[in-house]
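Chemist: Residue-level listing of the chains:
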Amino acid sequence: MRRRRFLASTLALLATPGYAADDYPEVVPGRALQFPRDYGSHAGFRNEWWYVTGWVKDSNDLAYGIQVTFFRNRPRIADDNPSHFAPKQLLFAHAAIADPRFGRLRHDQRAARAGFDLADAAADATAVWIDDWSLKMSDGGYVARIAARDFAFDLRFKPTQGVLAQGDAGFSRKGPIERQASYYYSVPQLAASGRVETAQGAADVSGITWLDHEWSSELLAPGATGWDWVGINLSDGGALMAFRIRDNSGGAMWAGGAFRSRDGQVIAFDRSEIEFAPERQWRSPRTQVEYPVVMTLRAGSLQCVIEPLMEDQELDARVGTGTIYWEGAVRAFMGGREIGRGYLELTGYWKPLKL
Amino acid sequence: MAHRTSISATGAILTGSLAHNKTRTLLSVAAIGLGVALAYAVQLITGTAINELALGIQVLSGEADLQIRGARGGFDERLYPMLAKLPEVAAASPAVEVDARISGRDDVLRIIGVDAFRAAAVQPGLIAEPADRLDLLRSDTLFISPAAARWLSVGVGDVLHFQAGLREVPLRVAGWVPMAEQQRIAIMDIAGAQSAFDRLRVVTRIDLRLRPGTDIASFRQHLLAVLPAGVAVESPATSVQATGNVSRSYRINLNVLALVALFTGGLLVFSTQALAVVRRRAHFALLRVIGVTRRQLLASLLLEGALLGAAGSTLGVVFGFALAQAAIRVLGADLGSGYFRGISAMLAPTLSALLICFLLGVATATLGTLLPALEAARASPALALKPGDEERAFVRLRAVWPGAAAIAVGAMLTALPAVGGVPLFGYLAIALILVGTLLIMPQLAAMFLRLVGTPQAPAPQLALMQLRGAPGQAAVSLVAIVASLSLMISMAIMVTSFRDALDAWLERVLPADVYVRAAAAGDTGYLAPEDQTQIAGIAGVRRAEFFREQQILLDATRPRIVLLARNINLRDAQQRLALVSTLSSEPTSALPPLWANEAMADLYGFGTGEVVELPLAGKPVQFIVAGVWRDYARPQGAVVIERDRYVALTGDRTATNAALWLSPGSSLDAVSRAIVHQVPGGEHLEIATPGEIREVSLRIFDRTFAVTYALEFAAVAIGLLGLSSSFGALVLARVREFAVLRHIGMTRRQIGQMLASEGLILSAIGLAVGLVLGALISLILIQVVNRQSFHWGMELSLPWSTLAIAALVVLALSTLTAWVSGRRAMANEVLRAVKDDW
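First to last, the protein sequences are chains S and C. Each residue of the first sequence is one higher than the one before, counting from 1 in my numbering. Each residue of the second sequence is one higher than the one before, counting from 1 in my numbering.
Simulated from the structure, these hints should not be mistaken for lab results. Wrong hints could be hidden among the right ones.
[What the hints assert, rightly or not] Covered stretches of chain C, going by a simulated chain S footprint (3 or more residues, C-beta under 8 angstroms):
#, region
1, 80 to 89
2, 132 to 144
[To be verified] Okay, the calculated beta carbon distance ranges per label pair:
#, chain 1, residue 1, chain 2, residue 2, range
3, C, Pro620, S, Gly140, 46 to 56 angstroms
4, S, Ser59, C, Asp76, 24 to 34 angstroms
5, C, Arg211, S, Asp236, 25 to 35 angstroms
6, C, Ala217, S, Asp80, 51 to 61 angstroms
7, C, Thr689, S, Asp80, 51 to 61 angstroms
8, C, Arg211, S, Asp61, 53 to 63 angstroms
9, C, Arg211, S, Leu62, 44 to 54 angstroms
Think of the CB as a built atom: it goes at the ideal place given N, C-alpha and C, for glycine as much as any other residue.
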């Protein structure tokens, strides 16, 4: 019965707790990531996403945050329907630009069922698209093309380092039970270049971004209400990722993270080594939701303060995917000195993500 | 001072008139009221239905700039990605629409399968916000409009069963369609609709929203060039128009009938006022003498007419509203015609319709007063003050040429074609011939009176003399009788002719012993090839013919036409179809034959011998029209082609109907039972004998014409009111004459006989003219109006018994009225009447 509540909304989908995942492949430890296969879509699993976030700047040194996310979901509601329209795979996409001159996010979304070559996610390489929105591998890198309501971008991303397998060689636990997990890898220090268009005009931009690719069948434990996630490209070439899954009391039900130094040494953090401590709350004037937009993050022996590019990076996706969250460009400081830039995601502050 | 005079003069004229003619004033008000009521009721009902249809299309097409439509059965779904990828297209929303038969009922529910993601960008009003949003995508759920839910008495969580093929499809009601308040529709996922109703690989429409700045017209032209045959692209407005076209002829006919009733009311006002004005000649002359100007007199009389009209209109709109409500409750929004299925009616009165109908009543009454008022204003006071001047008022009516000219022009107009599908000239011809005949009524009356030999008995002799002496007054009282009688007779003849023709046609087109239909209604039931084998193999079935009926689109501005694929060939077409024309020799070309119904020949030029093109399976296929057949079932147009050829061209082996011939000695019951029990899903089949089909068809016919009958009855009622009112006026005007007759020794009884004779003679004349005029009008109705409106060809049949009864009633009633009026007139003392004048 609980499966009924399983929503077509992206984040909510991912977070709906308590369903049996029998019908989907299970995420198990010990399965090594295989490339190029794992760049592509894993159609059997319930959820999957490709997430590109990062900082770019134009020729006037004006910094923007950019975000492109493609979600894939397998609802298992029409698998035996012979129609070409059968909604066997659903695709959603969010894109946003954080422009400090504008003061809040410009964002837009797309949703479609896979099929007719209008929307799909390829199995053999990263290639996922909905109409004229796409994220595709090309020439050893990625290309993102987004034509949104009030902005557009055409960006090329070039890896400068290898893939960072998260968790235990790509097996990333998300809850107290082992199968509450995902396969997860990141590509930090992704060099971005291309063109961004807004109402203010078009600009050639370049910068450093971060790609996450994660797939799972049962992500969240029952009782989980949301998560905080941060990914920072460190100025010295290193990378830092940390997340925590929150419960009803706001405490961490689970946590994890990883640090990779500039020379490639990886330290994985277990749940006890990650701590998010809110330093400043920001209340959205539109939704009255409060977000801890400034946090002190402790990851093992590392400690830094996360501060946003601007406070208002709330993304109201109620119309399309049924949720409100905060997803924004942030800086990381250590002892007052900026040590890197990245993105912070705060979900479940409006309502518990299960809705 | 002059101002005061005018006011008091008006007052005097009005109070004088209304007080003197209480009964006739009331009758006139009632007559106008009835006409206005009918006009307003028709407006309300059809206005409501049409408005809902248009709204329904608006909801379904949302913000679409263009719409791709094709055959009812759909077109290749691959068109959807092709269109969606065009740079001009901002959003493309595909849909699969079916009229799904509700299991166990003769009703259908329109189900629209949409892709909720795509519809959200084009038709957001269709997409619900359910608690479980996956219900929008499931293949076994549907969302229902509030109107449909009320109609079917279902709520969220209930399961509805529909027929697909001979299977049953259960669908769970998961929520409401937000924007469709009055339309009976349901929305489900497009994949679910495709698989549940056997529409895999096809869609029935695609709604396109274009990018801002796209030139819609030129993009449409571009699309037309690339779309497959039988698929059209139009603006949603055109779809509204095409849907409206289906019922337009029916609506126009209803409106014309209501106007006819109003016209009869106007005539009644005319005859009443004409006689009243004549009666008040001396009164008006006096007013003129004391200083009232012609203009003031004219204005006062017209105001009197307008006030009558306003009173009648007020009653009329109130009664019309009640009438419309009652009609909708009893017959439904389509008045039983079947044109507006799927709409739950709720009267939505508009101020404009109300005002128009109100003003129509006022204008009719004012116009009815105009001629008498002009005459009264023109009269010289000196002459008018003398007694016996009444007939002078009618001298002006003696010119023959206007009436003759109107009849001649009317006759010529019957040769003209329809204007935009509306038999405008046909109606105009009827109006002209009717008015022309009424205009020459004085001459006709005089002619008839001359023809009648003078009888010996004093009473009839006096009656005849009286009428001969005052043919103008006689004619005026005849006008209302002739008008209402002729219209009633014409309609009776038309309806009878149609019913007889339909009956004969049904006999001809139903040669088999049993007919089987895959579903009682809708387009989701069908017989699969294995079902057909089963049915043909049932013991007792000597011969089985199957046919496939579907709708294809030839012209996006018109409704879809019907394509029938059946067992037929050039040799036996005459036995299968009611052919009205056929190729004289075997066709020389190698083109396959096609038989078109009369509507097809009229609307699309599919005449015998023509080479035509039909879109089949997305490709244009040429045919030669081998014959034209009579068809009362499909006024939108229908063609028949050979089934083998249809199967070869389309690969579609399904059928919608079967005709079965039984072997001698086998029982109908046994065969029916065998079909129901041996064919899987046989309980969904509708099995009927030709007799039953004939009965149902005639019942539908009678129901469709129920409204016609009602309007006809109203017209007759108004006419009869006019009849008694006119006689009353005529008789009351002659009190002086009766006084003199009594004075010179006639008995009351003799005067009564004289009046009865007058009534008899007058109504006989009215009847004769009415019959001839009615027959003439019915010919125009049958040959021009019906033919151009519905493309129905038929022969004239006369309803002898109805006509005879009508004639007897009219004669008896008018004689009686004249006699009763006379008695009333003579009830006053004779002497006083004589004293008044001398």
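Chemist: In terms of beta carbon proximity below 8 angstroms, does the region 80 to 89 of chain C have 3 or more residues touching chain S?
Modeler: With 4 residues close enough to chain S, the hint holds.
Chemist: Taking the Cβ atom of alanine 217/C and the Cβ atom of aspartate 80/S, is their distance within the range 51 to 61 angstroms?
Modeler: With a Cβ separation near 44 angstroms, alanine 217/C and aspartate 80/S fall outside 51 to 61 angstroms, so the hint is violated.
Chemist: Given a hint of 24 to 34 angstroms, does the C-beta separation of serine 59/S and aspartate 76/C actually sit inside it?
Modeler: violated, 50 angstroms
Chemist: Is 51 to 61 angstroms respected by the C-beta to C-beta distance linking threonine 689/C and aspartate 80/S?
Modeler: Violated - the Cβ-Cβ distance for threonine 689/C and aspartate 80/S, about 42 angstroms, lies outside 51 to 61 angstroms.
Chemist: Does the hinted range 46 to 56 angstroms hold for proline 620/C and glycine 140/S at CB?
Modeler: Given a distance of about 50 angstroms, which is inside 46 to 56 angstroms, the answer is holds.
Chemist: Per the hint of 25 to 35 angstroms, is the separation of the Cβ atoms of arginine 211/C and aspartate 236/S within bounds?
Modeler: The hinted range 25 to 35 angstroms is violated for arginine 211/C and aspartate 236/S, with Cβ atoms some 46 angstroms apart.
Chemist: Between the region 132 to 144 of chain C and chain S, see if three or more residues pass the 8 angstroms beta-carbon test, and mark the coverage as holds or violated.
Modeler: Three-residue rule met by the region 132 to 144 of chain C, so holds; n is 7.
Chemist: Taking 44 to 54 angstroms as the stated bounds, is the beta-carbon spacing between arginine 211/C and leucine 62/S within them?
Modeler: violated, 30 angstroms
Chemist: For arginine 211/C and aspartate 61/S, compare the CB-CB distance with the range 53 to 63 angstroms and indicate the outcome.
Modeler: Once the Cβ atoms are compared, 34 angstroms apart, the range 53 to 63 angstroms for aspartate 61/S and arginine 211/C is violated.
The earlier numbered hints that this structure contradicts are 4, 5, 6, 7, 8 and 9.
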